[in-house]
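Chains as they are written, first to last, in my numbering: chain H, 1 to 392; chain W, 1001 to 1058.
I should point out that these hints are in silico values taken from the structure, not numbers from a laboratory. Positions of the beta carbon are idealized from the N, C-alpha and C atoms, including for glycine. Treat the hints with caution; some may be incorrect.
Claimed, not checked - Subject to a maximum C-alpha distance of 27 Å in a straight line, what follows is the list of computed BS3-like cross-link-like pairs (lysine-lysine):
id, chain 1, residue 1, chain 2, residue 2
1, H, LYS225, H, LYS109
2, W, LYS1007, H, LYS176
3, W, LYS1007, H, LYS191
4, H, LYS191, H, LYS176
5, H, LYS63, H, LYS256
6, H, LYS74, H, LYS243
As the list claims (entries may be wrong) - Output of the computed footprint for chain H on chain W, the stretches with three or more beta carbons under 8 Å from beta carbons of chain H:
id, stretch
7, 1010 to 1018
8, 1023 to 1033
9, 1042 to 1051
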Amino acid sequence: MSAQSLRWWSWIHKWSSLVCTVFMLLLCLTGLPLIYHHEIGHLLGNDVEAPALAPEVAANPPKANLDEVIASAKALYPNKIMMYMSQELDEPAIWNVTLGDHPNDEHYKPIAVDARTAQVITEPAFEGGAFMSTMLRLHVDMFAGLPGMLFLGFMGLLLIVAIISGVVLYAPFMRKLDFGTVRHERSTRLKWLDLHNLLGIVTLVWALVVGATGVINTLADVLLKVWQATEIAAMIEPYKDAKPLVEMASVDAAMKTAVAAEPGMQVGFIAFPGTPFATPHHYGVYMHGDQAFSSRLYKPVLIDAGNGTITDRRELPWYLTALLVSQPLHFGDYGGVWMQFLWAVLDVATIVVLGSGLYLWLKRGRKAKAEAKQEKTAPGMQPVLARSGEQR
Amino acid sequence: MNSSFMKLWGVPILLGILTLIGLLSALFGDGVWDALSAVTLGVPVAVGAWFSLRRKPG
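Bound conformation, chain W alone:
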């Protein structure tokens, strides 16, 4: 995989995998699984909030 591909798709793929882990883990258990889900699902939300709310470009 070349670097321009990863520059474009690296973060989206990572966030997608985290979202999937977040959606599935809570399905298979409670307690620690719910916590794992909250963290992994929270990352894309935090990334989206961070980049859309910060004012400084670049």
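So that you can see chain H by itself, here it is in the shape it has in the complex:
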């Protein structure tokens, strides 16, 4: 690599990293508890468990009528309206119902209802309790809504630039060294430089994937708005002169209609009229498969909330499919406890890479000054950022 291009890549690596490092540290630190949100919820007593049924009933559990499930939840908040109801694949005994003052209520009430008996189980802590909710908000948008989300997305892009430029710089540093060399004995700075290179190259692909899928996730709200403005708008075109709904069709019947229309699929969630996943005149019944991969992909069935018939059903557009597939790759929640553990270790390794990078830059400042002084006596000899670590 020529001295000129080395200087150029060093500049890119330095500034892309410096700008995003503080935010990446925040994301790594808040992401760590989020990897274990189920376990932490359990420890804090915030997780929801369906009560055990009598053995003769449990052998062949009944399925409660969805209209009764909704009625039980609404009995707690008679003035609120339904927003969503959803079910986890591995917990078919629970319907997670959310009620709000309006279809976009950010301070919705989550209610867990027994899917077999239609009895309310509990009102779960909002977003898993104060601690987990704070971690989540800091991680997603730093409490700054859509601008915060998009800002973090931009920081994620800078991280990707930093990673790629870091790989380019790996070559001049490591050319004369064996893989994994850590020079403990020479100077603290050299030791951390070697650790920075080692952990950076080891976590490379993971960090790129988690970074890129994180960036995609920051676009979730924007993509949803695009979908609403295009496909949903097209689907409800015939309804543009329709009067507001007075009487709502049975949700249970709507669900059964959707299940009959998509054999082999299960209900993931139902969006109620007015929410971003439905229309003012429709229930959005979102079907998904039950296999590892197919469970990630949803197929919306729009059901007229007035008369209970199917208005439209179509595949999700590619950009929403990309969003749904990118989510597990960011969360690390699709491979069991070992994957969770490795995700946590890789997260910590990334913290070390970020921290050591910051340290190397701070140390470099002092060194550069000393070298600039020297340069007066030996012009043209000032090494670039990368060179200072390569001297032997």
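Following the hints, put chain W in place on chain H, whose structure we already have.
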């Protein structure tokens, strides 16, 4: 490919491929796929831990 290229990039490329296999396999199935993912994703983590924690240089 010459040997100096492989000396520099051989291990990083191998670890990168293992990471990719680890990330993708668990996406497409459960059970044995999760196990494959744990092993292939575990190798880069183990390599990183081994080289950064050992005290003897070289």
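**Report entry** Agreement of LYS1007 of chain W and LYS176 of chain H with the hint, judged by alpha carbon distance not exceeding 27 Å
**Finding:** 10 Å, holds
Report task. Take the stretch 1023 to 1033 of chain W, compare each residue's beta carbon with every beta carbon of chain H, and decide whether three or more fall closer than 8 Å. Result -> Result for this restraint: holds, n = 7.
Query raised in the report: In terms of beta carbon proximity below 8 Å, does the stretch 1010 to 1018 of chain W have 3 or more residues touching chain H?
Result: Since 5 is at least three, the answer is holds.
Query raised in the report: Between LYS191 of chain H and LYS176 of chain H, is the straight-line Cα distance small enough, at 27 Å or below?
Result: Cα-Cα ~16 Å, so holds.
Requested in this report: Would you check the hint for LYS63 of chain H and LYS256 of chain H, treating anything up to 27 Å between C-alpha atoms as holding?
Outcome: 12 Å, holds
Query raised in the report: Holds or violated: LYS1007 of chain W with LYS191 of chain H, Cα cutoff 27 Å?
Result: 21 Å, holds
Query raised in the report: Does LYS109 of chain H lie within 27 Å of LYS225 of chain H when you go C-alpha to C-alpha?
Result: 24 Å, holds
Query raised in the report: Are three or more residues of the stretch 1042 to 1051 of chain W within 8 Å, CB to CB, of chain H?
Result: holds (count 8)
Query raised in the report: Holds or violated: are the alpha carbons of LYS74 of chain H and LYS243 of chain H at most 27 Å from each other?
Result: 25 Å, holds
Hint compliance for this structure: no hint is broken.
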